[in-house]
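A.B. asks: Next come the chains, spelled out residue by residue.
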Amino acid sequence: MLPFLVNRLAQGAVILVLVSFVAFGITAAAPGNAMQTFIDPNIPPAELRAAQERLGLDRPIHVQYLRWVREVAQGNLGYSFRTGRPVAAFVGSRLGPTFLLMGTAFALTLVLALWLGTATAARPYTVLDYGVTGAAFAGISVPSFFTAMALVYLFSLRLGWFPTSGFEDYAAGHAGWRLFVDRLWHLVLPVTTLVLTGAAELVRHVRSAVLDEMRQDYVRTARSKGVGEGAVLRRHALRNSLLPVITLVGVSLPRLLAGSVIVETVFAWPGMGRLLVESVFARDYPVAMAINMLGAALVLLGSLLADVLYAVVDPRVRYS
Amino acid sequence: MTAAVASAAGAERRGRAWRRFGRHKPGVVGAVVLVLLAATAVLAPWLAPYDPYDLAMGPNGEIAFAAPPSPAFRMGTDSVGRDVLSRLLFAGRVSLTIGLVAATVAMTLGGALGLIAGHYGGTVDRVVSRFADAVSTFPALFLILTVSSFVAPSIVNVIVIIGFLSWMPAFRLMRAEVLKLRSTDFVEAAGAVGAGDVRVMRRHLLPNAVGPIVVQATLGVAEAILTESALSFLGLGVQPPVASWGNMLADARSITVLQSQPWLWLPPGVAIFVTVLSINFLGDALRDAINPRAGR
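Line by line, the protein sequences give chains Y and U.
According to our numbering, the first sequence holds residues 1 to 320 in order.
According to our numbering, the second sequence holds residues 1001 to 1296 in order.
Please note: incorrect hints may appear among the correct ones.
The calculated label-pair distances, taken between Cβ atoms and stated as ranges, are [stated by the list, open to error]:
hint : chain 1 : residue 1 : chain 2 : residue 2 : range
1    : U       : 1022      : Y       : 124       : 17 to 25 Å
2    : U       : 1015      : Y       : 62        : 45 to 53 Å
3    : U       : 1069      : Y       : 239       : 51 to 59 Å
4    : U       : 1025      : Y       : 212       : 19 to 27 Å
5    : U       : 1180      : Y       : 212       : 16 to 24 Å
6    : Y       : 316       : U       : 1025      : 33 to 41 Å
7    : Y       : 227       : U       : 1210      : 43 to 51 Å
8    : U       : 1120      : Y       : 89        : 43 to 51 Å
9    : Y       : 223       : U       : 1074      : 57 to 65 Å
10   : U       : 1074      : Y       : 75        : 32 to 40 Å
11   : U       : 1254      : Y       : 220       : 55 to 63 Å
12   : Y       : 76        : U       : 1270      : 28 to 36 Å
13   : Y       : 7         : U       : 1120      : 24 to 32 Å
Just a few of them, taken from the derived set where beta-carbon distance is under 7 Å, the chain Y residues facing chain U [to be verified]:
hint : residue
14   : 22
15   : 146
16   : 214
17   : 250
18   : 254
19   : 257
20   : 277
21   : 283
22   : 299
23   : 300
In short, the hints are calculated from the structure, not lab data.
Cβ coordinates follow ideal geometry from the N, Cα and C atoms, glycine included.
Here chain U stands alone, though its shape is the one from the complex (with noise of 0.2 Å):
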């Protein structure tokens, strides 16, 4: 009986939280386009007219380098006579991956480092703390591009470094929740009756923090988007010939592109944009869904 209760209240808690996701216009929004972003990313080989990674052949065998688009080549193609629109779509299957998994990465880091921080205490807590302290103090981008330097650049590479060197806020975040919930009466009794560490972080702890963590997992993969956008430009990241949204964009920065083959810098650089503008829109619509007292 009280187990129903607390269920029906559960789903009116999550149906005041639907409804408040629904009003946040920009959010629903941003959700949608993620939706189909993903879809084409799913389906890029499909999608695809040409071969990303191969000098393209239009339908009468036409061959064009560095063209503007045109109704064979809609998104123009490269100085090597590859489609940009193909290309542009296998990006969006790498860049995606990677801001997706690398997040993934640091959040369970994160959040498993915070969780047992918080919940052991003590020099546990004061030692973790203090070593997420020092990795925090240096700009993000410095130790990422400095391990890049000596570690092989590959796809999964680019993806541990950014998911290892970017826990710190979830570790925050999980460790502050947990110092909040540890004395709350809930976690309390199910010590006093007996339940392991494991389990109450596991069963009491960690399902109540999650709110605040999924949050922030939606804005760190926003964040890790445009990490691997960035080490990719330097040259440090994804390296051709396979695409991602950033290399495109290092591709193109000769000033003659620049100047004059607008095609190949301003889809990747739109990508990126609308994509990571689509996450910060859903991430704050999830913030307010909620939280609905947080913000504003």
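Bound conformation, chain Y alone (with noise of 0.2 Å):
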């Protein structure tokens, strides 16, 4: 296991190299720097070149490059344009409503994909595997925005259930066991909207594994000494069709990610996907790079989990 997972992460260390490439790549191909941003125009050409200097601007890119690896090596990953903000506390203060909401929907996207993927699986070409077959088809055909926008439309304005946007309601002041209960009625449906398009992706996925586990010999033996429908499919059939799961569940993360940014952006979640999208508009580079090497990394560590649950829940999986 352990020269697996030394392997494993060297990988994954050539991988962030060549991801803070590109990511340093873009910024460099980016019009205008940090100079021309924070700088006043009355300023003397003379001293500009001096404050570019001093700054290193002048360098050739790729001692940029290092100078600029070994800042985020020590956790400094610039300043904002927008705000002069440092890019860490900016990005960091962000943060915890992305994993609430990516966290709930993940779980509840993975729960409801592996009660339907088997539902449908025990029982297939019946009239609930066409509907879900049908639902999965059309969840994985809407643009997440416009589910946003028709649950809003349906539970928000029509029948007033729940909150249009945002992460609670401030001018509430809710404090303790209400805020919480505010909090979470403000995320019923930014969850909703994720869990709907990243099930249909992974239902899927899910049934055709069990179906392929169902018509192992293993099944038959199971089935022919007398063991129940119901323990053939969830002690055997379901336990070991999950190892194709959970690479996909590795691979559906970006997705889950990119879901983010506009569902964020529609409800008006206060989190990393929205700042994205804001900083995108306001050019502001560096905090828009510093998101991307996050969720290039958290892609990575998504990947590495994923490879490393394998190893561990199939015992026939030796790496060395």
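Please dock the two separately framed chains into a single complex, following the hints provided.
C.D. replies: Spelled out as structure tokens, the structure:
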């Protein structure tokens, strides 16, 4: 296990370096730099050049890159062009709401997809199966912002059950238990949007994974020795079909992150995705690039976890 | 003689594939819907009752702002008095074109890189593969959004951005296919009789890898249409006054419109949904037709 982990971490490190090339390359390709944003137009050119030298902006690109890497490694992600605040603190303040949104959506997506995927695989080619498969096709074909708008229309504007947007009702000034309930209430529609899209994507894969296992010899053996259909499904087929599903879950993380951009924007959720959109509009590259790097790091971490989990769950997998 | 036998076998294989396709009912319906959508897009200038970019004046000289559907304006009008149906038709042209061209760019780029990486192997393969890994580590929309922040938002740039940042699945698929084919007898034989790299890639590898690539390309179009709509919805894609389904929905983001003017936000949303759903069904049917054992 340990050699595998070391090897996998090394691979991750290589990708991370390449990711930083891409990130730095894009920032370097973007027109304008920190100088042009902060400076007063009345400063004489000579002083500008001096400042440029002091900041190292006149150095060759690889020198600038190495300096950038050193700073990033020390936790300094630069300063926001827009607000002048340190990027790390700025982005950090938006992480809580994003993780709350994504974590909840992720957990519910898994539960829903596993449940529906197993149920349809247990009774393939029935009304339930066709219904779920059709709904899954519909789910992957609707843009998430349209789902969000339809949900707001139905549940906020028509029925008035949930708030149209926001993280909490600031005006009400709730605290303690009431604040928790209030936030939960605000969470319902954004999470539903993400779950509908995510589960639609996942459920078809769960179904075909379980269906594959149902055709295996050990399932026939289990049935022939009198194990009930429910136990065959849950204890044998589902457990074994979790293997391909684990990989898929790792892969679905980038999609969830991308989905958070749209959902946070529609619901005015104060998270990282919405900050990315704001930064992009304000051409605040340090913040936008930090969010890109963070997204990439999360995706890498997700795929690493999926691989480790895979090795833990499947005793046949021996990495060496 | 052998050529005749081979082509007869090929014809029969194609015949079977067509029959399998025909049995996939959603796929057939999807294909028909797509043909109709393409026709409305091509014929938009003749089908649209009004100028999509200008104040629409009905047959009796009536002008209406944010008015519900009526005999003169069958899908209603928007807040500046433009005809929604005309805008929807013209938006379809933009959205479908971007989807098709961006997916073609991505497929060509990914396919070519996959062919080269798979065929040459070694360092070339390692470098391109790791680069593909790095680019696909970013959540796709993150990079696309970031790049659109400093590129002038035009239709061409939207196509370029989406195309150049979504070639990775096509690359992986093509590379895997080539690796499978590379050790087959006919490819080795071609190399042995002196066919050059380009000839082997063009005549032997590419034609045999085309099936899965076609399926991937179909789904790529759906993906590209969704990405364009998201980008335009956020205001970073197709810019008004040019209409795309995504930016028509962006115009409808206010609570007032959402609550009381559904004719402004339902049609573009439904249009995207129907288009993407049809493409997904078509892709599924193609997958069944080309490789009956995959999936299900």
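A.B. asks: All hints, please: hold or fail.
C.D. replies: Against the structure, the hints:
{"no.": "1", "hint": "U:1022 with Y:124: 17 to 25 Å", "in the structure": "22 Å, holds"}
{"no.": "2", "hint": "U:1015 with Y:62: 45 to 53 Å", "in the structure": "59 Å, violated"}
{"no.": "3", "hint": "U:1069 with Y:239: 51 to 59 Å", "in the structure": "54 Å, holds"}
{"no.": "4", "hint": "U:1025 with Y:212: 19 to 27 Å", "in the structure": "24 Å, holds"}
{"no.": "5", "hint": "U:1180 with Y:212: 16 to 24 Å", "in the structure": "21 Å, holds"}
{"no.": "6", "hint": "Y:316 with U:1025: 33 to 41 Å", "in the structure": "40 Å, holds"}
{"no.": "7", "hint": "Y:227 with U:1210: 43 to 51 Å", "in the structure": "46 Å, holds"}
{"no.": "8", "hint": "U:1120 with Y:89: 43 to 51 Å", "in the structure": "47 Å, holds"}
{"no.": "9", "hint": "Y:223 with U:1074: 57 to 65 Å", "in the structure": "59 Å, holds"}
{"no.": "10", "hint": "U:1074 with Y:75: 32 to 40 Å", "in the structure": "59 Å, violated"}
{"no.": "11", "hint": "U:1254 with Y:220: 55 to 63 Å", "in the structure": "59 Å, holds"}
{"no.": "12", "hint": "Y:76 with U:1270: 28 to 36 Å", "in the structure": "48 Å, violated"}
{"no.": "13", "hint": "Y:7 with U:1120: 24 to 32 Å", "in the structure": "25 Å, holds"}
{"no.": "14", "hint": "22", "in the structure": "6 Å, holds"}
{"no.": "15", "hint": "146", "in the structure": "4 Å, holds"}
{"no.": "16", "hint": "214", "in the structure": "13 Å, violated"}
{"no.": "17", "hint": "250", "in the structure": "12 Å, violated"}
{"no.": "18", "hint": "254", "in the structure": "4 Å, holds"}
{"no.": "19", "hint": "257", "in the structure": "4 Å, holds"}
{"no.": "20", "hint": "277", "in the structure": "6 Å, holds"}
{"no.": "21", "hint": "283", "in the structure": "6 Å, holds"}
{"no.": "22", "hint": "299", "in the structure": "5 Å, holds"}
{"no.": "23", "hint": "300", "in the structure": "6 Å, holds"}
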